[in-house]
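S.K.: Take a look at the letters that make up each chain.
Number of protein chains: 2
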Amino acid sequence: MEEMVALTLTLLLERGYDNTPMSLLAKTLGLTKPGVYHHFKSKENLLYTVHKHTLKRKLIPILDKAEREADPMERLKIFMLEFTAMMTRDPSPGVLIREARRLSPEHLEEFRKVWRRQFELVRGAIAKLQNEGRCRKDVNPTFAAFAAINLVTWTFEWFDYSRPHAADEVAKTLLAVFMNGIVGSSQQDSK
Amino acid sequence: MEEMVALTLTLLLERGYDNTPMSLLAKTLGLTKPGVYHHFKSKENLLYTVHKHTLKRKLIPILDKAEREADPMERLKIFMLEFTAMMTRDPSPGVLIREARRLSPEHLEEFRKVWRRQFELVRGAIAKLQNEGRCRKDVNPTFAAFAAINLVTWTFEWFDYSRPHAADEVAKTLLAVFMNGIVGSSQQDSK
Numbered sequence: 002m003e004e005m006v007a008l009t010l011t012l013l014l015e016r017g018y019d020n021t022p023m024s025l026l027a028k029t030l031g032l033t034k035p036g037v038y039h040h041f042k043s044k045e046n047l048l049y050t051v052h053k054h055t056l057k058r059k060l061i062p063i064l065d066k067a068e069r070e071a072d073p074m075e076r077l078k079i080f081m082l083e084f085t086a087m088m089t090r091d092p093s094p095g096v097l098i099r100e101a102r103r104l105s106p107e108h109l110e111e112f113r114k115v116w117r118r119q120f121e122l123v124r125g126a127i128a129k130l131q132n133e134g135r136c137r138k139d140v141n142p143t144f145a146a147f148a149a150i151n152l153v154t155w156t157f158e159w160f161d162y163s164r165p166h167a168a169d170e171v172a173k174t175l176l177a178v179f180m181n182g183i184v185g186s187s188q189q190d191s192k
Numbered sequence: 002m003e004e005m006v007a008l009t010l011t012l013l014l015e016r017g018y019d020n021t022p023m024s025l026l027a028k029t030l031g032l033t034k035p036g037v038y039h040h041f042k043s044k045e046n047l048l049y050t051v052h053k054h055t056l057k058r059k060l061i062p063i064l065d066k067a068e069r070e071a072d073p074m075e076r077l078k079i080f081m082l083e084f085t086a087m088m089t090r091d092p093s094p095g096v097l098i099r100e101a102r103r104l105s106p107e108h109l110e111e112f113r114k115v116w117r118r119q120f121e122l123v124r125g126a127i128a129k130l131q132n133e134g135r136c137r138k139d140v141n142p143t144f145a146a147f148a149a150i151n152l153v154t155w156t157f158e159w160f161d162y163s164r165p166h167a168a169d170e171v172a173k174t175l176l177a178v179f180m181n182g183i184v185g186s187s188q189q190d191s192k
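Top line first, the protein sequences correspond to chains A and B. Take any residue in the first sequence, count from 1 to its spot, add 1: that is its number in our numbering. Take any residue in the second sequence, count from 1 to its spot, add 1: that is its number in our numbering.
Misleading hints may appear alongside valid ones.
Which copy? The list can't say, so a pair holds if one copy fits it or any two copies do.
As the list claims (entries may be wrong) - Straight-line distance between alpha carbons at most 27 angstroms, and here's what the computed DSS-like set of lysine-lysine pairs gives:
{"#": "1", "residue 1": "K138", "residue 2": "K34"}
{"#": "2", "residue 1": "K57", "residue 2": "K173"}
{"#": "3", "residue 1": "K129", "residue 2": "K173"}
{"#": "4", "residue 1": "K42", "residue 2": "K138"}
{"#": "5", "residue 1": "K173", "residue 2": "K44"}
{"#": "6", "residue 1": "K173", "residue 2": "K138"}
{"#": "7", "residue 1": "K53", "residue 2": "K138"}
{"#": "8", "residue 1": "K28", "residue 2": "K66"}
{"#": "9", "residue 1": "K66", "residue 2": "K44"}
{"#": "10", "residue 1": "K57", "residue 2": "K138"}
Quick caveat, the hints were computed from the structure, so don't treat them as lab data. Because the structure is a prediction, the values reported are computed rather than measured.
When you get a sec, could you build the whole thing from the sequences and use the hints?
M.R.: Set out below in structure tokens:
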């Protein structure tokens, strides 16, 4: 399974979903074309299988870990740092996000549940910090949660994966910008 | 030109580039299929024409305006507010970003010059603020610039375009998070 997922992701990353025919996937996975259809039913179902496996192995453990943390500030920090580490470690989660529109509506809905859980983790933590007076009041928790998730998700569009040692500094900058952004009292230089 | 661009963008938004055949584009634009090829040479060239027009009309004026502002803090604010307003006003810039990978390498390179100009505007302003002691030192200007641009660019993936009145609050939240994030002295609640 691990190897199948890795090989499929490498192909999708190099060629994109639309330019990766099932015949090439079959060849890369060491299967015949009937064999790959027997295992995965369709190309969409192969994408779904790889995406589901990656969510289970990479994103869900981060959500589990963050949710176990009772303090909303620490919960946000754990989420931001680990999610950034995941996105900068290798480009495969990025390619799955990019190709998510190729999934069937049913499969997309299944993954939306995980993305909603991620969103609620962040939104809930921000709202709790506001209630406790530990977070700026002029920040809308819903939009700030989208901001935090976008800040990290789209690193794959610009991160240079040939410079893996930069990942820590990216994580530190994103965390500093976001946490300070929501926590600090109004620090804007109003000139 | 305006109408051609608007009609093409509406189709791309509804159907995606890959699912929009030239025959349908021709029909929507009131042209014959030979007519549309005569005008635009290829589907890729039509996408390029529409993208170029949109950059010229929407993004470049924001860069021009921000660059005319001498104060780096004000420059960042102008950029963040106007760029967010542009991305939340209608979803067409979003669909062009999403479909940019369909462009030829030459056309993509042409647009990358504009995106680099946008990036340098933000990175330069942050670096200048750091030199002047008006911005946190633990923020990497390059990664913070990517953060600012990502924060705004990807609003189109979550913004609810049926609720246009929310755009102002989105802009305010993104500005508050980012400006406070880079400007505030270390405000993180270290627990």
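S.K.: Confirm or reject each hint.
M.R.: Cross-check of the supplied hints:
Taking identical chains as interchangeable, the C-alpha atoms of K138 and K34 are never at most 27 angstroms apart, the minima being 58 angstroms within one chain and 56 angstroms between chains. For the identical chains of this complex, K57 and K173 are intra-copy neighbours only, at 25 angstroms inside a copy versus 35 angstroms across copies, given an alpha-carbon limit of 27 angstroms. In this assembly of identical chains, K129 and K173 lie within 27 angstroms of each other by CA distance both inside one copy and across copies; the values are 23 angstroms within and 20 angstroms between. In this assembly of identical chains, the alpha carbons of K42 and K138 never lie at most 27 angstroms apart, being 51 angstroms within a copy and 53 angstroms across copies at closest.
Taking the shortest alpha-carbon separations for K173 and K44, neither the intra-copy value of 38 angstroms nor the inter-copy value of 42 angstroms comes in at or below 27 angstroms. Within a single copy, K173 and K138 get their C-alpha atoms as close as 24 angstroms, and across copies as close as 12 angstroms, so both meet the 27 angstroms cut-off. Within a single copy, K53 and K138 get their C-alpha atoms no closer than 37 angstroms, and across copies no closer than 40 angstroms, so neither meets the 27 angstroms cut-off. Taking the shortest alpha-carbon separations for K28 and K66, neither the intra-copy value of 38 angstroms nor the inter-copy value of 53 angstroms comes in at or below 27 angstroms.
For a Cα distance limit of 27 angstroms, the shortest separation of K66 from K44 qualifies neither inside one copy, at 33 angstroms, nor across copies, at 47 angstroms. Within a single copy, K57 and K138 get their C-alpha atoms no closer than 35 angstroms, and across copies no closer than 37 angstroms, so neither meets the 27 angstroms cut-off.
The structure fails to meet hints 1, 4, 5, 7, 8, 9 and 10 from the earlier list, while all remaining hints are met.
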